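Going down the list, the sequences are from chains A and B.
Take the first sequence: its position 34, counted from the start at 1, is 34 in the working numbering, and no numbers get skipped.
Take the second sequence: its position 21, counted from the start at 1, is 1021 in the working numbering, and no numbers get skipped.
Please keep in mind that the hints were generated in silico from the structure rather than gathered at the bench.
All figures in this text were calculated on a predicted structure; none of them were measured in a lab.
Quick reminder that beta carbons are idealized off the backbone N, C-alpha and C, glycines included.
Among the hints, a few may not be true.
Partial selection, computed: residues in chain B whose CB lies under 10 Å from chain A [what the hints assert, rightly or not]: (1) L1039; (2) R1133; (3) W1147; (4) G1149; (5) V1268; (6) E1312; (7) G1313; (8) T1324.
Label pairs and their in silico Cβ distance ranges [what the hints assert, rightly or not]: (9) A:L299 / B:I1179: 26 to 34 Å; (10) A:L316 / B:L1120: 15 to 23 Å; (11) A:R214 / B:G1159: 55 to 63 Å; (12) B:A1275 / A:G98: 43 to 51 Å; (13) A:V305 / B:E1104: 13 to 21 Å; (14) A:M52 / B:G1101: 30 to 38 Å; (15) A:E303 / B:G1101: 24 to 32 Å; (16) A:P103 / B:W1178: 56 to 64 Å.
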Amino acid sequence: MTASTTTASTWLSAGTWRRLFRDKPLIPLSGLLVLLVVLFELGPSSVNVNWMAVTVRAAIPLAILGACQTLTMLTGGIDLSVAAIASMTGFLTATLVGDLGLPTALAISLGAAALAGLISGIGIGVFRVHPLIMTLGMSLIVLGLANVWQVQRRQTGAGVPPELREVGIRMFADILPYSLIIFVPLAAIILFSLRRTGYGRLLYAVGDNPVAARLSGVKAWQVLIVLYVISALLAGIAGFLYAGLNNTASVSLVDSALLPSVAAAVIGGTSILGGRGGYAGTIVGALILQVTISLLASLGYPEAVRQILFGSVIVLVAAAYTRVTEES
Amino acid sequence: MSAASAAAEPQSNAADVVRRVVRNNGWSLGLVVFIVLILGFTKLILPSYGVTGIQGAAISILPLALAAVAQAIVVIAGGIDLSIGSIMAFTSVVAAALMKGQSEEMAVLIVIAVLLLGLLVGAINGILVVLTRVPDIVVTLAMLFVWAGAALLVLRTPGGASADWLHKLVLGELFNEWIPKAAVVMLLVVAIIWIPVRRSRVGLSIYAIGSNQLAAFRSGVSVARTKVFAYMLTGLFSALAGLSLTASTGIGAPVPGPYTLLSVAAVVLGGVSLAGGRGGVLGPILAVIILRLLRDDMTFLRWDPNYATVAEGAILVGVVMIGTLVQNRRSRA
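Just chain A, same shape as in the assembly:
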C-alpha cells in the first residue's frame, strides 16, 4: 500500500504492473484471451462467429463449476465433489423424467445435490474435516449411490429430456447459446454477492484470516455450511447443462471437468490458500481453457500433445501469476 505513493509517478514501474495484476486480474487475463484468439486466427482454421459461439457454449458449464471452486477456495477450501454431483443430477434427471415429469425430476436432483452439499458443509464447518478429504469422500459416496441407482433401475441415462437438450445445445441465431439464459443471471448474482453483500465478504474474511474472523464474531461453521450447499447446487445446475450439451447422461459424464474447473479458478487469479480472488477472473479462466482446448484441437495435434500443452499452460499461467502478484 505504501508503494502507491512512492511509485505513483513512474507508471511503468514493476509495482504498477504488480498492482494491476493483483487488483484487476481481468485486464491481463483478457489480454491473454485475445492473444490466444489471435493465435487461433493465425492457425489453420479461422475465427468466425460460429466458432466463438461454440467455444462460449462449451465454456459455460465449466465456468459454473469454476464458480464452485472459486467460492470454496476463497475460504481456503476446495470442492472435489462437483463432478460427481454434476454427473449425478444429470443422470438422475434423465432417469426420473419419464415417470415424474421434468419439474419434479429437476427438483429431486437439485434436492439430492443440496443434501450432499449440506453433509459436506457440516463435516467441514462443524467437524472441521479438511475440505479436500470431505469433498473427496462425498464424491465417492455420490458416485457409489448413483451407480447403485443405475443398477437398480437397469437404465442408462439415454433419456435426456428435450428441454435440457435445447438449453444445452441450441443457440439464438447461431450466435447466442441458450445456456446464457441460465449463466448470465447466475454469474451476476455471484459477482454481486461477492462484492456487495455481507455473505460475500464473510467468505473472504473466513479465508483470509480465520482467527480474526472468529474474533469479530463470524460463525465460520454457518458460513461454510451455506457455502457448500451453494456449491453443490451450482454443480447440480452445471450437471443439467452438461447432460444437455452432450445429449447423454452417465454417472461419470462430468468427471473430466473436475480438474479443469480447479484450473479455471486458479488461472483466474483466485488463491487456493484463501482470501484472494473473484469470480470475474474465473469466467475468463474458463474461456482461456476452452479456447486453448479448441486451439490445440484445430492445430491437429494428437490428444497426447494437447494434454501436455494444456498442463503446461496451467503451470505457466499460475507461475506467472504467483510471481507477479507476490509481495516483494
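Chain A is already provided as a structure; the job is to place chain B on it using the hints.
Same frame as chain A, but now just chain B:
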C-alpha cells in the same frame, strides 16, 4: 535419541519398549487389529475363504499400496501430488512398450531405466513446485495432464508386454502358500528404499519441512532441496506402482486409473496428517489392505459392489471426523 536414553537406563525393561512402540504406532496397530477383525468376519461369512482369496487380494493391492506410499512421502513433506495416477500410467506404458519383444535380461535394464524415469518425473514435479512457488496442489494438478499426455504419446491404446520374470515376481506365493509374493515385494521395496531414507538426515529433513517449513529453514535444512528429494521419492514409488501394474496385467494402459484420489484417501486413513510432518508409510499400506478387504467382503455378501465405493467415502470421512474430534478433545484437555 531414544536409543541413547535406552542405553543410559539399562533397567528399562521389555514392558517399556512395548509401551513405547504402542504409543508411537497406535494408529497402525489399530489398523492391524481392524484387518484381523475383517479377516475373521470374512472367514465367518465365507468359510472357504483362504489362500486363493488372499493371493487375489495381494496382487490387486500392490499397485495402490505403492501409490499410497508415494503419496504418503510427499504429504509428510508438506505437499501433495495429484499426478501420481498419471505417472503410474506413464511409467507403466513405457515399461510395457520397451519390454515387448525384448529378452529377459534386457528387461532388467528396462526396469532400471523406468525407475530412473520415475525419479526424473518426480524431480520435474518438485523443481516446478519449488521454482514457481505455486501451491503443490495446483502444480501437480497441471502435471497430471502432462504425464497423462506423455503416456498417450508412448502408447495410443493398451498394449506392450511384460517380461516373464517381472510377471512371476508378483504372481503366486513364496515358500508357503500363505505368503503372496506381492506382499513380499511390497515389504522389500519399502525396506530397501524408505527405511534407510527415513533413518538418514534427509529423512528427518522431510519430516522437518512438512512439520514447520520456517523452523526447518532456520535450523539449516535446505527446504528446496529436501522438497525436490521428497518429490523424487514419490516419483520413484509411483514408477514402482506403474511397473507393478504392467507386471500384474501383462500390458501397459495409457489411461490413469483411480489411483491418485484413492492414494490420498489411503494416506489420510493411514494416519498421515495432510498438514504434513506426521505419520509413516506403514499406516497407508494397511489402509489400502482394509479398503480392499471391505470391497471383497461386500462381494461375498452379494451386495452391489457399488456400495463399496459408498462405504469407502463414508469410512474416509468418518475416520477423519473421529480423528479430528479426538485431537480437539486432547488439545482442549
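Each hint, compared with the structure:
Hint on L1039 (chain B) is violated. Least Cβ distance to chain A is approximately 24 Å, over the 10 Å limit. Below 10 Å, beta-carbon pairs count as interface contacts, and R1133 (chain B) has one with chain A at about 5 Å; its hint therefore holds. Nearest Cβ of chain A to the Cβ of W1147 (chain B): about 8 Å, under the 10 Å cut. The hint holds. Interface restraint check: G1149 (chain B) against chain A, minimum CB-CB distance 3 Å, threshold 10 Å, status holds.
The beta carbon of V1268 (chain B) comes within 5 Å of a beta carbon in chain A, closer than 10 Å, and the hint placing it at the interface holds. The restraint placing E1312 (chain B) at the interface with chain A holds, with a minimum CB-CB distance near 5 Å, inside the 10 Å limit. Interface hint status for G1313 (chain B): upheld, as the beta-carbon distance to the closest one in chain A is roughly 3 Å, under 10 Å. At a threshold of 10 Å, the smallest CB-CB gap from T1324 (chain B) to chain A is about 5 Å, leaving the interface hint in force.
Checked against the hint of 26 to 34 Å, the C-beta distance between L299 (chain A) and I1179 (chain B) comes to roughly 54 Å, which is inconsistent with it. Separated by about 20 Å at the C-beta atoms, L316 (chain A) and L1120 (chain B) satisfy the suggested range of 15 to 23 Å. Between R214 (chain A) and G1159 (chain B) the Cβ separation comes to about 56 Å, which falls inside the hinted range of 55 to 63 Å. Between A1275 (chain B) and G98 (chain A) the Cβ separation comes to about 48 Å, which falls inside the hinted range of 43 to 51 Å.
Our hint of 13 to 21 Å for V305 (chain A) and E1104 (chain B) is violated, since their Cβ atoms are close to 34 Å apart. Taking the beta carbon of each, M52 (chain A) and G1101 (chain B) are about 49 Å apart, not inside 30 to 38 Å as hinted. Here the CB-CB span from E303 (chain A) to G1101 (chain B) is close to 26 Å, well matched to the stated 24 to 32 Å. About 59 Å separates the C-beta atoms of P103 (chain A) and W1178 (chain B), a value consistent with the hinted range of 56 to 64 Å.
In the structure shown, a violation is registered for the earlier hints numbered 1, 9, 13, 14, in ascending order.
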